[in-house]
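A.B. asks: First residue of the sequence shown? That's 12 in my numbering, and the numbers climb one at a time after it.
If you are wondering where the hints come from, they were derived from the structure by calculation, not from laboratory data.
Fair warning: this is a prediction, and the values are worked out from it, not measured in the lab.
Quick reminder that beta carbons are idealized off the backbone N, C-alpha and C, glycines included.
Hints may contain errors.
Said to hold, decoys possible - Calculated pairs, DSSO-like style, for lysine-lysine (alpha carbon to alpha carbon, straight line, at most 27 Å):
no. : residue 1 : residue 2
1   : LYS204    : LYS271
2   : LYS15     : LYS192
3   : LYS265    : LYS156
4   : LYS264    : LYS15
5   : LYS204    : LYS156
6   : LYS265    : LYS192
7   : LYS271    : LYS15
As the list claims (entries may be wrong) - Computed beta-carbon distance windows for the label pairs:
no. : residue 1 : residue 2 : range
8   : PRO46     : PRO168    : 38 to 48 Å
9   : PRO46     : PRO161    : 42 to 52 Å
10  : LYS15     : THR149    : 34 to 44 Å
11  : HIS276    : ASN26     : 21 to 31 Å
12  : HIS276    : ARG186    : 23 to 33 Å
13  : GLU130    : ALA207    : 27 to 37 Å
14  : VAL151    : ARG259    : 27 to 37 Å
15  : ASP131    : HIS110    : 12 to 22 Å
16  : GLU227    : GLY171    : 27 to 37 Å
17  : GLU130    : ALA194    : 16 to 26 Å
18  : ALA268    : LYS15     : 17 to 27 Å
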Amino acid sequence: MIAKANVEALRAFLNHGARFALLTGRAEQLLRLVPDEAIHHVISDPPFSARLYDGGGVRANPTKGKRPPVVDRLKSPKLSKFNFEYCALTDQAVRQTAHELGRFFRWTARWALIFTDAEDGVHDWICALELGAGTQHTRVGHWLKTNAQPQFSGDRPAVGTEAIVIQHSAEHARRWNGGGKAAVWPFAVSRDKETAWHPTPKPIELCVQLILDFTEPGETILDPWAGSASMGLAALRTGRRYLGIELRPDWAKKARAMLKREAEHPPSASLDPKRIAAADPRQSDLLVPF
12 MIAKANVEAL RAFLNHGARF ALLTGRAEQL LRLVPDEAIH HVISDPPFSA
62 RLYDGGGVRA NPTKGKRPPV VDRLKSPKLS KFNFEYCALT DQAVRQTAHE
112 LGRFFRWTAR WALIFTDAED GVHDWICALE LGAGTQHTRV GHWLKTNAQP
162 QFSGDRPAVG TEAIVIQHSA EHARRWNGGG KAAVWPFAVS RDKETAWHPT
212 PKPIELCVQL ILDFTEPGET ILDPWAGSAS MGLAALRTGR RYLGIELRPD
262 WAKKARAMLK REAEHPPSAS LDPKRIAAAD PRQSDLLVPF
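The task is simple: from the sequences and hints, build the whole structure.
C.D. replies: Encoded structure:
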């Protein structure tokens, strides 16, 4: 059953010009409410699959019935305050969501950017988006974490990047605003005050740069796994519209209040694309090590 609040929020977004809507529930179900021609791009940071955590510092509980695996709270005292439990993304949820996204890519949607782990997620998402959504694979990009946490055990290299699966609609010609630059975005792990309530927010500056590279002002960005809604803040600040979906009601409530405050202000003049490009770390003397 679809909550009345979701229907009202979506109606305000589609019919009355609201700058954003953040729905609460499962992405693969709520996407069925969205008209085919309502979306221009999909940029999102879904949960990783439970396979990534098997044998690691986070334990994935076995699936019980139809409920997806739940990743237990991290042991780190820095993260325990967040009640850090979430539903790991099952293979079935990936396939179902990709199938729903396919409607948009047959109409107006062009780019799909999905953050994921390199070990399993890249292959899973390329296959799901090509087979389920009918998109074409373009590139695997990388968020280079300039302040990545070291591997404290010292017995293996630390993780210093996060993969971004970049797909494009087969119905439209490829175009973006990045020219010939590499698909590497070097930004520090988030220290943004606005999203400090979330355990793993994406840096707002990273989200801003991705939006400026791949989208145009006035277009609508779909974020089926909103989390901290960093992508929503970036969309509003750059003059785009944002439709997010978040499973956890507590996170959705905080993100919605944050976006409402942001929507009261016009897009920031300080986020002019030329200024962002000039401030891009790749324009400095920093050398990317690959």
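A.B. asks: Hints first: check each against the structure and report whether it holds.
C.D. replies: Hint check results:
The hinted pair formed by LYS204 and LYS271 meets the criterion: a straight-line CA distance of about 16 Å does not exceed 27 Å. Restraint check for LYS15 and LYS192: the C-alpha separation of about 45 Å exceeds 27 Å, so the hint is violated. Simply put, LYS265 and LYS156 have alpha-carbon atoms about 26 Å apart, close enough for the 27 Å limit, and the pair holds. Distance restraint check for LYS264 and LYS15: the Cα-Cα separation of roughly 15 Å lies within the 27 Å cut-off, and the hinted pair is therefore satisfied.
A C-alpha spacing of about 18 Å is found between LYS204 and LYS156, which places the hinted pair at or below 27 Å, so the restraint holds. This hinted pair does not check out: LYS265 and LYS192 have alpha carbons roughly 36 Å apart, beyond 27 Å. Distance hint between LYS271 and LYS15 is fulfilled; the C-alpha atoms sit about 19 Å from each other, no more than 27 Å. Between PRO46 and PRO168 the Cβ separation comes to about 46 Å, which falls inside the hinted range of 38 to 48 Å.
Separation of PRO46 from PRO161 is about 47 Å and conforms to the stated range, judged on CB atoms against 42 to 52 Å. At roughly 39 Å, the beta-carbon separation of LYS15 and THR149 lies within the given 34 to 44 Å, and the hint holds. Judged by the Cβ atoms, the range 21 to 31 Å given for HIS276 and ASN26 holds: they are separated by roughly 23 Å. Hint check: HIS276 to ARG186, Cβ distance near 30 Å, so the stated range 23 to 33 Å holds.
Between GLU130 and ALA207 the beta carbons are some 28 Å apart, a value that agrees with the proposed interval 27 to 37 Å. In this structure the supplied range 27 to 37 Å holds for VAL151 paired with ARG259, their Cβ-Cβ distance being about 28 Å. In this structure the supplied range 12 to 22 Å holds for ASP131 paired with HIS110, their Cβ-Cβ distance being about 20 Å. The supplied range of 27 to 37 Å is met by GLU227 and GLY171, whose beta-carbon atoms lie about 32 Å from each other.
Evaluation of the 16 to 26 Å hint for GLU130 and ALA194 yields a pass: the beta carbon distance comes to about 19 Å. Against the hinted window of 17 to 27 Å, the Cβ-Cβ separation of ALA268 and LYS15 comes to about 19 Å, which satisfies the hint.
When the structure is compared with the earlier hints, violations turn up for hints 2 and 6 and for no others.
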